[in-house]
Amino acid sequence: MTHSVIEFPVSADDRRIARLAALAIGLTLAEAALPSPIPGVKPGLANIVVLLVLLQVGWRAAAWVSGLRVLAGAILLGSLFAPGFWLSAAGACTSLMVLALARYLPSQHFGPISLSVLAAFGHIGGQLALAGWWLLPGAAIIGLLPVFAAAALIFGAVNGVVVARLLAAPTSSNEQLQES
Amino acid sequence: MMRAGDAGVLLAGTGLVITLALYAWGGDRGETVIIRAAGKIVETTSLAQTRVVSVSGPLGPTRIEIEPGRARVARDPSPRQLCVKQGWLTQSGQAALCLPNQVSLEIRGRTVAYDTLGY
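One line per chain: the protein sequences are A and B, in this order.
Numbering follows the numbering used here, in which position 170 of the first sequence is assigned residue number 561; successive positions increment by one, without gaps.
Numbering follows the numbering used here, in which position 23 of the second sequence is assigned residue number 522; successive positions increment by one, without gaps.
Any given hint could be a false lead.
As the list claims (entries may be wrong) - Derived coverage of chain A by chain B (criterion: at least 3 residues anywhere in the stretch with Cβ under 8 Å from a Cβ of chain B; other residues may be distant):
1. 490-501
2. 508-518
3. 532-545
4. 550-559
To be verified - What the simulated footprint calls covered on chain B by chain A, stretch by stretch (three residues with Cβ under 8 Å from a Cβ of chain A suffice, anywhere in the stretch; the number is not a length):
5. 508-515
6. 520-529
Read the hints as simulated data drawn from the structure, not as lab findings.
For every residue, glycine included, the Cβ atom is placed at its ideal position computed from N, Cα and C.
Please construct the entire structure, taking both the sequences and the accompanying hints into account.
Below, the structure is given as structure tokens:
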């Protein structure tokens, strides 16, 4: 019996995506420890990383980071394939689709804050659409819509400001992204 | 840091939140459905599940459709079809009367708008 060795070549791109995804996963875990009044209302700190990747590397890399974040975050939190995982995945998918369109907005008028708010609305929209269709069919979810939308607006704006600050900062985080 | 479009997006987002709040919390959304035939209550049911109820009146069967958060008269043998044309009812106190088939559909919420209604 021969042992064959299969080698997967790892490119610099792979390493960069893995490093950024690890950052996003770390933020997801930290966030899971925060108490939340309503399940689903979260700051979405990992989206800061996704947005930075989108603006500095590109949409494909952002999609990878976001997908890995959802998958690995769920494995680490023990919620893989649980309802929360599917909600998270649906949110990430719609958010990425929104960003795929929103990145073509003229950048002299629409900065990271716009992208972040739109992505946050995409996130909550995808989650609520799946929840309304699958978990809570009926009118039950309608009463919570404004709460989720307000949370998306506030956290989206705050995250957007963070992204804008990080992009404007001449030091560390910027260079790490570009060098790595 | 803040660009013109960002302000626009934030304003539009605020508008969306307000619209949703008015839609979800404004008014009194119905919770139960009361179906009457010839003045007597034949069915009181929740406005949470999808159901189809058929009630017979002097002219024939009236078909009432209930969906999460709304209800309507889908088919009725009355000549002018006024209750069918009313479409979906969602708010507490709304009612559809099918005459002369003597069937009525009423939506009730947490608070009852009227003690009684005489037709």
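Check the structure against each numbered hint from earlier and tell me which ones fail, lowest number first.
Of the numbered hints, all hold.
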